[in-house]
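Student: The residues making up each chain are set out below.
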Amino acid sequence: MTDHPILEVENLCTTFSRGGTALPAVRDVSFALGKGHVQGLVGESGSGKSVTLRSILGLARHYGEVSGSVRWQGQELTSMSERQLRKIRGREIAMIFQEPMTSLNPLLTVGTQLTETLKAHTDLGRRARRDRAIEMLDHVGIPAAASRLGEYPHQFSGGMRQRVMIAIALAASPKLLLADEPTTALDVTIQAQILDLILKLADEMSMGVVLVTHDLGVVAQTCDTVSVMYAGRVVEQGDVRQVLQTPRHPYTEGLMRSVPQDVPPRTQLYSVPGTPPSLFSLPEGCAFAPRCQSAGPACQTARPTLQDIASGRQTACFNPLPATQEDAA
Amino acid sequence: MTQTVMKIDDLHLSFPVSRSLLDVVQRKPGKSVNALNGVSLELKQGETLGVVGESGCGKSTLARCIVRLYAPTSGQIHFEDENIFGAAARKDRSYNRRVQMMFQDPYSSLNPRMSTGDILAEALRVHQMRPENEIAGRVEELLELVRLPQDAAEKLPHEFSGGQRQRIAIARALAVEPEVLIADELVSALDVSVQAQVVNLLLELQERLKLTILFVAHDLRLVRHVSNRVAVIYLGRIVEIGDSETLFSAPSHPYSRALLSAAPSLDPDDKGVAIQLEGELPSPLNVPSGCPFHVRCRHVTAQCRTVVPALRALEGRGEVACHHAEEINQHA
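If you're matching them up, the sequences are chains F and Z in order. Take the first sequence: its letters are residues 1 to 329, numbered as in my numbering. Take the second sequence: its letters are residues 1 to 332, numbered as in my numbering.
Next up, chain F with everything else stripped away, as it sits in the complex (with noise of 0.2 Å):
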């Protein structure tokens, strides 16, 4: 895919315990992400997308088990203690939360909130955090950043804090942003303008992204490639514009025929029948299984993995959707 991966993900597995039951939260999800590259991880809730992301960061290992292996520019993550992944994170990987209502501390001014990352990660002094700080705030289009440094968060719209969420996120200069769900609090308009400033300075600082969503059209429009998971798992993978134009699993399928788009108005939609399956009884087999009409006897019985079907493009499934023509070519 990219000549030096920044970070390789390979067989992250994620457990959780509830009552004595294990819960595979996520199984066996491996990618690789080069520099300045936009990865999406696109499902349905419950699918292990944002568990994924907490899994790298090293933050799931608090309420769950982790095993598999994350390298971060060569060094293993997940072996990693405590004190030496606090001055990774922030500083070389940072992250940003769906809420930006609640990832702010009500109780303390933005600019303190921003110079405090400055402080932990940044040998600048004091009046050059601030300096830098205001410049942050301008970067990601904050207008009159001077006057709103000694400003509560609650004083800020919500597109305008998780402007400053972001702004957070990158006054350190991190070489991966970790975004999850970063536009779903958010509306339309003001969603194509934080996603296209996360592009934009992914560019300028030559940043790689992991983007978290459920939003396909979010996908379509940012990302350079995308895993689709169900249940954990990844069941298709590969460069956006292959994935999401001829979908090889017949979820990623169902996925981009439900949404309305360019289908005779009122009538009926596609849909997958059936509902995501519970962590707490898996299907032996395939864990679409149940819902896809493709399904054959092997699906009930055995587990898919995932097959390398077209360079850089994977899948897991017995009986792959046909690639059409513009596929081979």
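Hint data in this document are derived by calculation from the structure and do not stem from the laboratory. Source: prediction; values computed, not measured. Some clues are possibly wrong.
Unchecked claim - Listed below are several chain F residues computed to face chain Z (Cβ distance under 10 Å; list not exhaustive): (1) Gly43; (2) Ser157; (3) Ala192; (4) Arg241; (5) Ser271; (6) Thr275; (7) Pro290; (8) Arg291; (9) Ala295.
Claimed, not checked - Under the rule of at most 25 Å between Cα atoms (straight-line distance), these lysine-lysine pairs were calculated in the DSS-like manner: (10) Lys200(F) <-> Lys35(F); (11) Lys271(Z) <-> Lys44(Z); (12) Lys175(F) <-> Lys119(F); (13) Lys31(Z) <-> Lys7(Z); (14) Lys271(Z) <-> Lys175(F); (15) Lys210(Z) <-> Lys271(Z); (16) Lys35(F) <-> Lys210(Z); (17) Lys210(Z) <-> Lys7(Z); (18) Lys155(Z) <-> Lys200(F).
We treat Cβ as the ideally placed atom computed from N, Cα and C, and that holds for glycine.
Starting from the known structure of chain F, fit chain Z onto it as the hints suggest.
Tutor: Positioned in the frame of chain F, the structure of chain Z alone reads:
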């Protein structure tokens, strides 16, 4: 299709904001949030009217006014020529039965301590839809109507998924045989694959029961799919209203254009075609003078800053509230 069921006329609603001590000392007048600033609409028999807009634009407030959860500051709503806020209509509960609302959050709109059967039976009893001995049978019918298994009647809401809960909410609304359904972000909390199931059900039931639906949502693709007509709301005013296909394929108001182009396309080759809107929705505490959109509009002139544009019909399009709609559309 042509008969008007509901007529909303110049609806205004403002919520007073508590005055700070400083304001009282300085004898400043109390502020108010102007949620609706003169909304006029007609709902026609059997149609689906989509209402779209950004959060805080007043679309949910409008829905709540229609079911009398809020009383407007001024303006009227007529349902079959009767003012629903009039003294006679207030006493009459039949309006509550004939116009039903369904809410966004499937987790908080059902009583967690009541079984599905009880939830549906309560609606039937309150409006005396069926004699006591027929209620159980009717509950079964309703569950079948929204395609829930029969054993669902015994279960509590927490035993259902989000999509199934919205089906219960639909069954509850339909229990009292309403004529108008107000769907406030009915499927917004659901995943796409489940969303499609609920939308299909709604379209099918509308056809079968001849329902009129007001569909409030922020998902533009979905609104386009289900609606016959669409109203775009900005800061408590309708800025454009018209036939759904015309409006979505050729929006006339600069705000509708920006809003529609901001919805991310599913085609990765469409990257970067969105019209970027500057800034954010102004606070409804402090609505800009003149056209409320002028602070974010690229085509703003002096006239826009002072004069509020009225909704007017545009040839070949719907009705648009913009001083310069003709010129803007010519250049497009």
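Student: When the structure is checked against the list of hints, which entries are broken? Sort them ascending.
Tutor: Of the numbered hints given earlier, those the structure breaks are 7, 9, 11, 13, 15, 16 and 18, listed in rising order.
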